[in-house]
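Numbering (my numbering), first residue to last: 1355 to 1459.
A portion of the hints provided could be inaccurate.
Derived DEER-like restraints, expressed as beta-carbon distance ranges [what the hints assert, rightly or not]:
hint: 1; residue 1: Ala1384; residue 2: Lys1446; range: 27 to 33 Å
hint: 2; residue 1: Asn1385; residue 2: Arg1410; range: 20 to 26 Å
hint: 3; residue 1: Arg1449; residue 2: Lys1399; range: 40 to 46 Å
hint: 4; residue 1: Gly1398; residue 2: Phe1433; range: 18 to 24 Å
hint: 5; residue 1: Leu1422; residue 2: Ala1388; range: 33 to 39 Å
In short, the hints are calculated from the structure, not lab data.
By construction, the Cβ of each residue, glycine as well, lies at the ideal position given by its N, Cα and C atoms.
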Amino acid sequence: MTKPAGLAESPAPFDAQPAEKGSINLRIEANTRALIDEAAGMLGKTRTEFMIDTARRQAIDVLLDQRLFVLETGAYDAFVQALDNPPAPGPKLQRLMARKPVWEE
């Protein structure tokens, strides 16, 4: 059994609906363009649709790799226990927290 941990509290950027469209210009080799066109055609998509879908899917994967991790039950329980019971602040942290911020001086 696995449990997810580490999801960001704020909504992921890929959940938001774009307010307006923009453009991205790319320079690619002819053989790469032909490969993309062939793959897009097989899926019944335009080159633009194919590239946007593929780039969006890859972007989501990259972001989730940084925000989501899965732990076995025992490791998850230990992780939650560590979060719920952090170590007592050491002397350096206590000194830092006792300092008056520059913007309040």
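Status of the hints after comparison with the structure:
Restraint check, Ala1384 to Lys1446: a C-beta distance of roughly 59 Å breaks the suggested window 27 to 33 Å. A C-beta distance of roughly 24 Å is found between Asn1385 and Arg1410, which places it inside the suggested range of 20 to 26 Å. The hinted window of 40 to 46 Å between Arg1449 and Lys1399 is violated, with their beta carbons roughly 59 Å apart. Taking the beta carbon of each, Gly1398 and Phe1433 are about 44 Å apart, not inside 18 to 24 Å as hinted.
Distance hint check for Leu1422 and Ala1388: the Cβ-Cβ separation is about 36 Å, which falls inside the suggested range of 33 to 39 Å.
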